[in-house]
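Please build the complex by placing chain B on the supplied structure of chain A, with the hints as guidance.
2 protein chains.
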Amino acid sequence: MKFKVAQEDLAQNLQLVQRAVSPRSPLPVLQGILIETTSDGLALSATDQEIGIRVLCPATVAEEGALVLPSRLGDIVRKIPFGEISFEAEAAGNTMDITWERSRFTINGFPAQEFPPLPEPAQAPAYTIAKSELRRMVRQTAFAVSHDDSRPVFTGVLFVFEGERVKFVATDGFRLAVSEGDLVDRQGDIEGEVIVPGRGVSEVSRVLGEEGDGQVKVSVSGNRVFFEGARERVVCRLIEGQFPPFNQVIPKQFVTKLTCRTQDLLDACERASLIARDVGQAVKLEINGSTLVLSASAPELGTVREEVAIESQGDTLEIAFNPRYLIEGLRNIDSEKMTYEFTGPLSPSCMRPADPEEADSFICVVLPMRLA
Amino acid sequence: MKFKVAQEDLAQNLQLVQRAVSPRSPLPVLQGILIETTSDGLALSATDQEIGIRVLCPATVAEEGALVLPSRLGDIVRKIPFGEISFEAEAAGNTMDITWERSRFTINGFPAQEFPPLPEPAQAPAYTIAKSELRRMVRQTAFAVSHDDSRPVFTGVLFVFEGERVKFVATDGFRLAVSEGDLVDRQGDIEGEVIVPGRGVSEVSRVLGEEGDGQVKVSVSGNRVFFEGARERVVCRLIEGQFPPFNQVIPKQFVTKLTCRTQDLLDACERASLIARDVGQAVKLEINGSTLVLSASAPELGTVREEVAIESQGDTLEIAFNPRYLIEGLRNIDSEKMTYEFTGPLSPSCMRPADPEEADSFICVVLPMRLA
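Protein chains in written order, with this note's numbering: chain A, 1 to 372; chain B, 1001 to 1372.
Excised from the complex, chain A in its bound form (with noise of 0.2 Å):
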């Protein structure tokens, strides 16, 4: 195996694969990446079998084979400046030696054999859809995934396949998060769901949706999901059983209904919640004509008050929320204007952009506290 490599080509591509490493696995080969020579260069895979993730470097291989070295590659390689390194390992050996310019580092690996293979995407139906709202979706569900894994739907995003459109929906049981999107192409026909791991949909994310343009291919085979970009692929195994009938928890009436400039409410349940910031404090919304009134108290701290201007419609009310729910989800309504509808003091309430082009795009349910 001998190929030559560009530093700077190898380090983001390892700075890619090494989040699928498991560094603590009592499987050693795991905690190393596996290098494989190809026809267009060098494959990188790294998985800790519960996501898996691969792509392909540009190289120049002069005598084909694979191997798989320690993660710590990536700092080694890292450290090296700008400029091309050489990587040389006999057929029959597990040590790879690195040279460039003046430096010559040996490191140990194991038989490519001993590496688990990432499993190939089958000819299954296919999407295809846009980066950017890949990661918008992305973003705007999976900071609604619980970390609790006693009910194991709620740590994954679901995907609902509806035709044309797409939907990411999250839930920890307190809020909801749905986010919806269009296809860019369809192959086959896709319909019906699978729950992606919370930590699955954020690694796809960065692997596959970084800054600028391009498209992302999604296909489900067997208990796994695919996403495949033009030289990256992430493989993630699906999470079963029934995610809770999640159309039901959005509210379709309302008795209140809001809308104000979403910084200036951003803003203000900020500020608040630097007084209502430990466990269990609540930040109480009083909604009344063209004024929202926002308040919390903690008893050692002190109180604070904020005003917001809004236009409402219904009746006056009361509500109290756990301020991290209300702050993020306003963080994820991305246009200017947003609208927050209420179905009473103790019932669930529902954030989505104001503008109804992007009113389906992105909704946040929230369940109220109890006012103190």
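Don't read these hints as lab results, they were simulated from the structure. Remember, predicted model here, so these are calculated numbers, not experimental data. One should not assume that every hint holds.
Below are the DSBU-like pairs computed for lysine-lysine, each with C-alpha atoms no more than 35 Å apart in a straight line [said to hold, decoys possible]:
hint, chain 1, residue 1, chain 2, residue 2
1, A, Lys-79, A, Lys-4
2, B, Lys-1252, B, Lys-1284
3, B, Lys-1004, B, Lys-1079
4, A, Lys-337, B, Lys-1004
5, A, Lys-131, B, Lys-1079
6, B, Lys-1217, B, Lys-1002
7, A, Lys-4, B, Lys-1337
8, B, Lys-1257, B, Lys-1131
9, B, Lys-1284, A, Lys-2
10, A, Lys-217, A, Lys-284
11, B, Lys-1079, B, Lys-1131
12, A, Lys-131, A, Lys-337
13, A, Lys-257, A, Lys-131
14, B, Lys-1284, B, Lys-1337
15, B, Lys-1252, B, Lys-1131
16, B, Lys-1079, A, Lys-337
17, B, Lys-1284, A, Lys-4
18, B, Lys-1257, A, Lys-284
19, B, Lys-1002, A, Lys-284
20, B, Lys-1252, B, Lys-1079
21, A, Lys-337, A, Lys-284
22, B, Lys-1131, B, Lys-1217
23, B, Lys-1257, B, Lys-1337
24, A, Lys-284, A, Lys-257
25, B, Lys-1079, A, Lys-284
26, A, Lys-257, B, Lys-1257
27, A, Lys-79, B, Lys-1337
28, A, Lys-79, B, Lys-1284
29, A, Lys-79, B, Lys-1131
30, A, Lys-79, B, Lys-1257
Leaving out everything else, chain B in the frame of chain A:
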């Protein structure tokens, strides 16, 4: 007590004093920041009784007064946008009303009398040092301070006043750093030595040494050292005890001496340290004519060999070091070329800038490790 203050001024000055707050002090008032009106705006003070910081902040005072507010005030002010903030407290009360446009915080504080007064500098002899020199000298010594409290003098930086010059010295028993600089001015005669806690010199550099010109006045009074800038003051309790006779540790002769580009040796050490990364692992230096070879090996990981172009005098030499000590010394040599003198494989080595004019500005003595 009543004043108006620009958000950006207050946010910046609160950040400066915040580091002296002791968040877990059994004395709740020390978890706060003393705010006093002065003829020149506000004075903000915090202390953990080891270190005290006091800064002046421009403000428009309508009514005099003083109050201690919890340090979370800094978080609150940071979340308020650019613009003017009004503060008002009743003379008899301990709560402060903070208002800005449509927001109002009411924060519970402590009476100013409960706050231990920061000591005032006496009319003692003082010297003046340029901020840029102070920054450099702190950076070139703070890294070598010990974090082991069992030998308190090693946790401090020794200041040695000598006529028009001042030396900062730090050692942890394995390496010694000496940085020397010019005084701008002297009032009275200071001679002798004081030991300032390592944390203290770092805070001084942060509070008083920020980018830009300016001067700092340093004086010693009783068991305290005072650092005064135009609007900031840091007071720091001295460490008592006898600093080791550091001049005896600095080699006066050498058996081997090399000169090279500082960055070349630093880069090679940083790469070698990726292999010799575990505690007790050494990097080996072989000096022979115009070549320095660095090498290291780790049983599981592999080996590294680096060559650095040098000019050398004296004997060939093999010597081993903790790579971290080499790296931290080399990072503080500010000149393009450096010299490194060795007195033998088991005795102190000494690095410094190669330029004779800078050769006294920084010296780092490093003890070698026994070759495996």
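Against the structure, the hints:
1. A:Lys-79 / A:Lys-4: With a Cα-Cα distance of about 17 Å, the restraint between Lys-79 (chain A) and Lys-4 (chain A) holds, given a limit of 35 Å.
2. B:Lys-1252 / B:Lys-1284: holds, 24 Å
3. B:Lys-1004 / B:Lys-1079: Given that 35 Å is the threshold and the Cα spacing comes to 17 Å, the pair holds.
4. A:Lys-337 / B:Lys-1004: holds, 32 Å
5. A:Lys-131 / B:Lys-1079: OK: Lys-131 (chain A) and Lys-1079 (chain B) at ~33 Å, within 35 Å.
6. B:Lys-1217 / B:Lys-1002: holds, 32 Å
7. A:Lys-4 / B:Lys-1337: Judged against 35 Å, a Cα distance of about 32 Å means the pair holds.
8. B:Lys-1257 / B:Lys-1131: Between Lys-1257 (chain B) and Lys-1131 (chain B) the Cα gap is close to 34 Å, so the pair holds against 35 Å.
9. B:Lys-1284 / A:Lys-2: holds, 29 Å
10. A:Lys-217 / A:Lys-284: violated, 44 Å
11. B:Lys-1079 / B:Lys-1131: Status holds; Cα separation ~31 Å.
12. A:Lys-131 / A:Lys-337: Roughly 25 Å between the alpha carbons, so the hint for Lys-131 (chain A) and Lys-337 (chain A) holds.
13. A:Lys-257 / A:Lys-131: At roughly 34 Å apart (the allowed maximum being 35 Å), Lys-131 (chain A) and Lys-257 (chain A) satisfy the hint.
14. B:Lys-1284 / B:Lys-1337: holds, 21 Å
15. B:Lys-1252 / B:Lys-1131: Judged against 35 Å, a Cα distance of about 31 Å means the pair holds.
16. B:Lys-1079 / A:Lys-337: holds, 21 Å
17. B:Lys-1284 / A:Lys-4: Roughly 28 Å separates the two Cα atoms, so the pair holds.
18. B:Lys-1257 / A:Lys-284: violated, 72 Å
19. B:Lys-1002 / A:Lys-284: holds, 29 Å
20. B:Lys-1252 / B:Lys-1079: violated, 57 Å
21. A:Lys-337 / A:Lys-284: With Cα atoms ~21 Å apart, Lys-337 (chain A) and Lys-284 (chain A) stay inside 35 Å; holds.
22. B:Lys-1131 / B:Lys-1217: Given pair Lys-1131 (chain B), Lys-1217 (chain B) holds - Cα atoms ~10 Å apart, limit 35 Å.
23. B:Lys-1257 / B:Lys-1337: Given that 35 Å is the threshold and the Cα spacing comes to 13 Å, the pair holds.
24. A:Lys-284 / A:Lys-257: Satisfied, since the Cα-Cα distance of roughly 16 Å is no more than 35 Å.
25. B:Lys-1079 / A:Lys-284: holds, 19 Å
26. A:Lys-257 / B:Lys-1257: Violated: Lys-257 (chain A) and Lys-1257 (chain B) sit about 79 Å apart, past 35 Å.
27. A:Lys-79 / B:Lys-1337: holds, 21 Å
28. A:Lys-79 / B:Lys-1284: Roughly 19 Å between the alpha carbons, so the hint for Lys-79 (chain A) and Lys-1284 (chain B) holds.
29. A:Lys-79 / B:Lys-1131: OK: Lys-79 (chain A) and Lys-1131 (chain B) at ~33 Å, within 35 Å.
30. A:Lys-79 / B:Lys-1257: Roughly 27 Å between the alpha carbons, so the hint for Lys-79 (chain A) and Lys-1257 (chain B) holds.
Hints 10, 18, 20 and 26 from the list above are not met by this structure, while the remaining hints are.
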